[in-house]
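Chain by chain, the residues run as shown.
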Amino acid sequence: MQIDWIWGLLGGLMIGCAGALFLLGNGRIMGASGILGGLIDGSGRSNWAERTAFLVGVIALPAVLQSSGALSTQTNLTSNLGLIIIAGLLVGLGTRIGNGCTSGHGVCGISRLSPRGIVATLVYISAGAVMVVFLRGIWGAL
Amino acid sequence: MRLLIALGAGALFGSGLHLSGMTDTAKVQGFLDFFGAWDPTLMFVMGGTIIPMFIAWRVAARRKPLMGGDFPAASDPVFDRSLILGAVLFGAGWGLVGLCPGPAIASLSYGGSGGFSFLGAMVLGMLLAPRARQWLDRRSAVA
Numbered sequence: 000m001q002i003d004w005i006w007g008l009l010g011g012l013m014i015g016c017a018g019a020l021f022l023l024g025n026g027r028i029m030g031a032s033g034i035l036g037g038l039i040d041g042s043g044r045s046n047w048a049e050r051t052a053f054l055v056g057v058i059a060l061p062a063v064l065q066s067s068g069a070l071s072t073q074t075n076l077t078s079n080l081g082l083i084i085i086a087g088l089l090v091g092l093g094t095r096i097g098n099g100c101t102s103g104h105g106v107c108g109i110s111r112l113s114p115r116g117i118v119a120t121l122v123y124i125s126a127g128a129v130m131v132v133f134l135r136g137i138w139g140a141l
Numbered sequence: 000m001r002l003l004i005a006l007g008a009g010a011l012f013g014s015g016l017h018l019s020g021m022t023d024t025a026k027v028q029g030f031l032d033f034f035g036a037w038d039p040t041l042m043f044v045m046g047g048t049i050i051p052m053f054i055a056w057r058v059a060a061r062r063k064p065l066m067g068g069d070f071p072a073a074s075d076p077v078f079d080r081s082l083i084l085g086a087v088l089f090g091a092g093w094g095l096v097g098l099c100p101g102p103a104i105a106s107l108s109y110g111g112s113g114g115f116s117f118l119g120a121m122v123l124g125m126l127l128a129p130r131a132r133q134w135l136d137r138r139s140a141v142a
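Protein sequences, first through last, are from chains A and B. Under numbering that gives the first Met the number 0, the first residue of the first sequence is numbered 0, with each subsequent residue one higher. Under numbering that gives the first Met the number 0, the first residue of the second sequence is numbered 0, with each subsequent residue one higher.
A portion of the hints provided could be inaccurate.
What the hints assert, rightly or not - Selected chain B positions facing chain A (in silico; Cβ < 10 Å):
| no. | residue |
| --- | --- |
| 1 | Leu-11 |
| 2 | Asp-32 |
| 3 | Met-42 |
| 4 | Gly-46 |
| 5 | Met-66 |
| 6 | Gly-92 |
| 7 | Gly-113 |
| 8 | Gly-119 |
| 9 | Ala-140 |
For the record, the hints were derived by calculation from the structure and aren't laboratory data. Beta carbons: idealized from backbone N, C-alpha and C, even for Gly.
Can you make the complete structure from the sequences, with help from the hints?
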């Protein structure tokens with residue numbers, strides 16, 4: 000628990016370097032919802048191969064590292080399928096309507112001092128915090 | 000070469016998500032729990048991501064992308080209804096189970112059937128989004 004922040008910082012630096020590589024190399028914003036969403040709704044058809052290559056990397060390297068035992072991933076995803084479906088719909092709909100998620104608005108937007116990115120990040124963190132208060136306090140889940 | 004860069008950036012991004020704890024829904028919900036047992040780990044993740052990206056934007060101001068083309072133009076600071084409503088919906092879903100799009104995509108390597116269901120629902124939401132946007136635009140045109 001005490002050293003979690005070191006892993007957080009290290010992982011964060013890796014995510015930031017990934018974004019820097021994608022930006023300085025290909026001239027693109029590394030936003031997970033934008034890269035996937037453009038493939039889903041067809042708006043990113045012109046550079047589908049680049050998008051697909053990125054997504055393959057996201058899934059493949061951790062999968063390889065895990066199977067070789069170099070990486071063990073912790074998760075505590077709920078087993079409540081109803082919650083999972085509702086949350087997935089909200090995240091898919093919201094990130095595409097609002098044009099970004101944690102990586103696009105948060106990582107790339109804030110570091111560019113983009114007013115839209117900063118405002119969006121403040122709004123989604125606040126909405127998430129309200130949801131957690133509701134889950135923990137009122138509903139008693141979590 | 001473009002594809003290799005994209006693959007490399009994706010691999011680095013995916014591994015960073017795992018290492019940082021963004022894939023751990025309890026950590027994410029713990030970070031959002033400002034009024035409870037707050038878990039600050041995500042602040043360090045955010046701080047870590049912003050350092051290289053901040054430098055990258057400074058470099059980008061003076062050059063062109065290595066693979067040609069131009070950098071994406073900065074968006075006008077317009078805080079329209081879709082930006083705010085989209086962020087509210089996204090935040091609500093993020094808080095509900097603790098997954099945002101990056102870790103949801105990466106969950107194919109760790110999340111089992113739950114991660115798969117989340118990703119499926121997220122894709123469906125993304126398919127519905129253009130229609131929702133049209134509806135929002137029509138409403139703001141009337142108003």
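Here's how the hints hold up against the structure:
{"no.": "1", "hint": "Leu-11", "in the structure": "holds (4 Å)"}
{"no.": "2", "hint": "Asp-32", "in the structure": "holds (5 Å)"}
{"no.": "3", "hint": "Met-42", "in the structure": "holds (8 Å)"}
{"no.": "4", "hint": "Gly-46", "in the structure": "holds (6 Å)"}
{"no.": "5", "hint": "Met-66", "in the structure": "holds (5 Å)"}
{"no.": "6", "hint": "Gly-92", "in the structure": "holds (3 Å)"}
{"no.": "7", "hint": "Gly-113", "in the structure": "holds (5 Å)"}
{"no.": "8", "hint": "Gly-119", "in the structure": "holds (7 Å)"}
{"no.": "9", "hint": "Ala-140", "in the structure": "violated (16 Å)"}
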